[in-house]
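Turn these sequences into a full structure, and let the hints steer you where they fit.
Residue strings, one per chain:
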Amino acid sequence: SQKIEQNSEALNIQEGKTATLTCNYTNYSPAYLQWYRQDPGRGPVFLLLIRENEKEKRKERLKVTFDTTLKQSLFHITASQPADSATYLCALDIYNQGGKLIFGQGTELSVKP
Amino acid sequence: DAGITQSPRYKITETGRQVTLMCHQTWSHSYMFWYRQDLGHGLRLIYYSAAADITDKGEVPDGYVVSRSKTENFPLTLESATRSQTSVYFCASSLGAQEAQYFGPGTRLLVL
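Top to bottom, those sequences are chains V and S. Heads up, the first sequence is in the working numbering, so the first residue is 1 and it goes up one at a time. Heads up, the second sequence is in the working numbering, so the first residue is 1001 and it goes up one at a time.
Hints listed in this document are in silico derivations from the structure and should not be mistaken for laboratory results. Since the structure is predicted, the reported quantities are computational estimates derived from the model, not experimental observations. One thing to keep in mind: the hints can contain errors.
[What the hints assert, rightly or not] Label-pair restraints from in silico Cβ distances:
#	chain 1	residue 1	chain 2	residue 2	range
1	V	R58	S	R1083	22 to 28 angstroms
2	V	E56	S	L1110	28 to 34 angstroms
3	V	E5	S	T1020	34 to 40 angstroms
4	S	G1040	V	R51	46 to 52 angstroms
5	S	T1077	V	T78	40 to 46 angstroms
Ideal Cβ positions, reconstructed from N, Cα and C, are used throughout, including at glycine.
In structure tokens, the structure reads:
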């Protein structure tokens, strides 16, 4: 069955540094992978989508990589700010199954000033 | 710009009662989804719909019923609520099958 693993420990970093979050998966070959941000008490917010034939995607201070050989995605936030503190979720988009997403349990990021 | 809304935002009910959670989106997105989020399990898909009158099961469909008579609405019904259905329920929509999903604010359900 599908399994997604994200950094199980919370990630604490200093403002201005780059945060790197990991998403590993097994037993699957997703056509897409997505990253979401979730703040306490709120619904997830879409950040980035990367396809299997794309190695890297960028949006402002965000960068996502997708290595289908390693079965891993890395999510980077450069020049991190306290406002970036949240839980970040990766999700596999199951190919040909109508947009069914399997979510990881998320990594809690805390950026200290 | 309403986007996607859910009602009620909070609900307390008793075991055995029927409960309906509402979801409404104003974008005319084809796809709509229901998830539940629990500590230790993360987000899990309950049901989804590719279009009006088309629905399919997700990972944890037992005890839930959905319908989609109109594109903009996707209600989720718990036919006979159980304590294990205490959770936070999120509705989401997307333009297409493999596109970004946009989530509602959630409904916090407590089953006593």
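Practice task
Any hints from earlier that this structure breaks? Give me their numbers in increasing order, please.
Solution key: 1, 2, 4
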